[in-house]
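Residue numbers (our numbering), protein chains in the order written: chain A, 1 to 391; chain B, 1 to 391.
What the hints contain is simulated information worked out from the structure, not anything from laboratory work.
A hint or two may mislead.
In this list, chains with the same sequence are indistinguishable; a pair is considered to hold if it fits within one copy or across any two.
[To be verified] Here are the simulated DSS-like pairs of lysine-lysine, each with C-alpha atoms no more than 25 angstroms apart in a straight line:
#, residue 1, residue 2
1, 87, 234
2, 175, 377
3, 46, 234
4, 46, 175
5, 4, 331
Owing to the predicted nature of the structure, the values given are computational and were not obtained by experimental measurement.
Number of protein chains: 2
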Amino acid sequence: MIKKFLMTPGPTQVPPQVLSAMARPVIHHRTSEYSELFARVNENLKYVYQTGNDVLSFASSGTGAMESAVINLCSPGDDVLVAACGKFGERWRDLADAYGLVAEFHEYEYGEAVNPDDINRSLEANPHIKVVFVTHSETSSGVVNDMQAIGAVVEDFDAVLVSDSISGLGSAEIKTDEWMIDVVVAGSQKALMIPPGLAFVSVSDKAWALAEKARSPRFYFDWLKARKGLAQAKPTTAFTPPVSLMAGLDAALGLIREEGLQALFHRHIIMGRATRAAIKGMGLTLFSPDEDRSSSVTAVRVPEGVDEARLRIHIRDWYGVQLAGGQGPVKGRIIRIGHCGYYNYSDIIVAITALEMTLMDLGHPVQLGAGTQAAEKVFAEDIEATGDETV
Amino acid sequence: MIKKFLMTPGPTQVPPQVLSAMARPVIHHRTSEYSELFARVNENLKYVYQTGNDVLSFASSGTGAMESAVINLCSPGDDVLVAACGKFGERWRDLADAYGLVAEFHEYEYGEAVNPDDINRSLEANPHIKVVFVTHSETSSGVVNDMQAIGAVVEDFDAVLVSDSISGLGSAEIKTDEWMIDVVVAGSQKALMIPPGLAFVSVSDKAWALAEKARSPRFYFDWLKARKGLAQAKPTTAFTPPVSLMAGLDAALGLIREEGLQALFHRHIIMGRATRAAIKGMGLTLFSPDEDRSSSVTAVRVPEGVDEARLRIHIRDWYGVQLAGGQGPVKGRIIRIGHCGYYNYSDIIVAITALEMTLMDLGHPVQLGAGTQAAEKVFAEDIEATGDETV
Chain A
1 MIKKFLMTPG PTQVPPQVLS AMARPVIHHR TSEYSELFAR VNENLKYVYQ
51 TGNDVLSFAS SGTGAMESAV INLCSPGDDV LVAACGKFGE RWRDLADAYG
101 LVAEFHEYEY GEAVNPDDIN RSLEANPHIK VVFVTHSETS SGVVNDMQAI
151 GAVVEDFDAV LVSDSISGLG SAEIKTDEWM IDVVVAGSQK ALMIPPGLAF
201 VSVSDKAWAL AEKARSPRFY FDWLKARKGL AQAKPTTAFT PPVSLMAGLD
251 AALGLIREEG LQALFHRHII MGRATRAAIK GMGLTLFSPD EDRSSSVTAV
301 RVPEGVDEAR LRIHIRDWYG VQLAGGQGPV KGRIIRIGHC GYYNYSDIIV
351 AITALEMTLM DLGHPVQLGA GTQAAEKVFA EDIEATGDET V
Chain B
1 MIKKFLMTPG PTQVPPQVLS AMARPVIHHR TSEYSELFAR VNENLKYVYQ
51 TGNDVLSFAS SGTGAMESAV INLCSPGDDV LVAACGKFGE RWRDLADAYG
101 LVAEFHEYEY GEAVNPDDIN RSLEANPHIK VVFVTHSETS SGVVNDMQAI
151 GAVVEDFDAV LVSDSISGLG SAEIKTDEWM IDVVVAGSQK ALMIPPGLAF
201 VSVSDKAWAL AEKARSPRFY FDWLKARKGL AQAKPTTAFT PPVSLMAGLD
251 AALGLIREEG LQALFHRHII MGRATRAAIK GMGLTLFSPD EDRSSSVTAV
301 RVPEGVDEAR LRIHIRDWYG VQLAGGQGPV KGRIIRIGHC GYYNYSDIIV
351 AITALEMTLM DLGHPVQLGA GTQAAEKVFA EDIEATGDET V
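Isolated chain A, as found in the complex (with noise of 0.2 angstroms):
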């Protein structure tokens, strides 16, 4: 009887409304059966969005989606700017590299944020830069970069935004259309509560222009072929999507306007906020920016004479929850609390009691209950403050 709590930044726990639609019969897509799905998934999609754009999706993890954007706005010999602070910010780097762009990199440690000044001053400098990739929830580290304060940074000048907003979407606001983001990347494993294998890009005006004019080869992630699909009478993609992954999405997207954008993010505000009280409470140093901001993952310090894996394993196997490591400098030196999507108290108090009895059973010396006192603490301000139940 091991009950298992699944607390990574990506995948996440999907709901049993979610599961249960994706356990229905498969239904073909050239049908209007289908197209009805479709439509109403696009209209959510845009609500969570906030953003009147066009949200195109495909077949494909989050990296798929990224790619997308980088050959769809980009020519070969393109100067791009890339802002990173963390793997997933690399990453557009990598993508760049490999589509024979010529990228100006700015790199920040991991667990800084991007500094939008830094953006000006390139843009500046160099009016030919056609397109400025960012993150905006850095998973690797749980850094939620300023996006409004970018966005209206390169609102002034030709270059389009691409915000990598992943692991962002529905967990850290974003405001598409407000602050100017051209392009919003996005996966379904995340805060969109269902399993991988879903991607997103909203594309602008600015950046549809853009989109006509690149040369980078492609296909199967060809926005013109999307577009084409979604403005049929009976929306559809051009090619097969993955249906049954749609129809969850179709009850997830029915969940969260239940919950409502407004409280969506209340929820994920509050759970970051016990997570990071939890965290000193039990007396362990925050890896993460201690902001409101870092709704989506919560990353940690491993205390001097604990081993990463091995707390991580035991964790796991003995209180069946499921945290995240480190990736690239901070492997080893940083666990990751995920709590995007699916989660409230229940999750947060669960993997910060299994934390405590993990330390406690490694020789760390740990007040048992001082990290859930913390939170709980966090959980009873905010229903005193607001009048309601717990998040």
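Here the structure of chain A is known, so what remains is to put chain B in place on it, guided by the hints.
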């Protein structure tokens, strides 16, 4: 109480065992639990592929995996040969065009098969041809090409042979190694009996040698990245895989192993034979060839005076049977009955019955029961010949 029968050549019906496997809670993809599942899936894919080659998997539709073959084997300006006898053969040409290849294009009428001698002639005339792209089971027409003969031709040249077996693998036999097919592309939503969203390629040593030199830009679909993941002690994918579809595939491959390859192919041959007998028995004309190789999909000419769209809507709305129409030049002229994957005699009989009754409803002269009788005779003959219960 509408009972639905999905009889299209992709997506196809999904067994309940697979649907329930997909509805299990999501597991993380960087765990031993997932690696074990992935290793088992890879082993069982090799069994279905009849190969010792690596089989790579991608979160994408089948077209994504086709694109992966083009970009991993070719460099801009390369000479290639495309032999096409339908819509999906034409896709190889579109892909070659998108990536700046110089494609010699053999075009056959829809309903015709590729002639291996034509391939031989082209390869003799142009020794620079690096890759030959063909379609194994041409879903748009029901033609199944003679891959054994084509493999025997290409074997004598330096060119690599790529087969789109998206609707063939697991229904129309392909002996990847014995027939010398260097790259076999497959999709999840056909005879592999799971929903769309996963695609596969097998890669021979001859193909790997080419892939290591190919210079087309690529990232998400890079075979070398995928191979690196496969080669690890705990095999994994380069990017987040669609774990729920993989869990479904694991269950589906378990069913295939239980049935056994020879029984699997026999079942498909008999279903194809019964469907063709029924079509002829009810006085209609086959569009796909009347041969046992055509075991994935049966294409039928729409009789004079019957409107194809009306027929398909009627049979769907009145009898719950979803058929496919024609594509490209045969749009409106044929209907297609899919029977690759989770199908047996019961589905064939239901589809034929519904087709007979639909024709009657639409005022086309038909003798009710003539088609089902012809199909039943095929099943009965098979039972007599094999001593087995019916397929």
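To see whether the hints hold, each was checked on the structure:
Taking the closest pair of Cα atoms, residue 87 and residue 234 come within 25 angstroms of each other only across two copies (22 angstroms); inside a single copy the shortest separation is 39 angstroms, beyond that limit. In this assembly of identical chains, the alpha carbons of residue 175 and residue 377 never lie at most 25 angstroms apart, being 30 angstroms within a copy and 64 angstroms across copies at closest. With identical chains, the CA atoms of residue 46 and residue 234 are at most 25 angstroms apart within one copy only, with a shortest distance of 18 angstroms there and 39 angstroms across copies. Proximity of residue 46 to residue 175 under the C-alpha cut-off of 25 angstroms is restricted to the intra-copy arrangement: shortest distance 11 angstroms within a copy versus 47 angstroms between copies.
Proximity of residue 4 to residue 331 under the C-alpha cut-off of 25 angstroms is restricted to the intra-copy arrangement: shortest distance 24 angstroms within a copy versus 51 angstroms between copies.
The structure fails to meet hint 2 from the earlier list, while all remaining hints are met.
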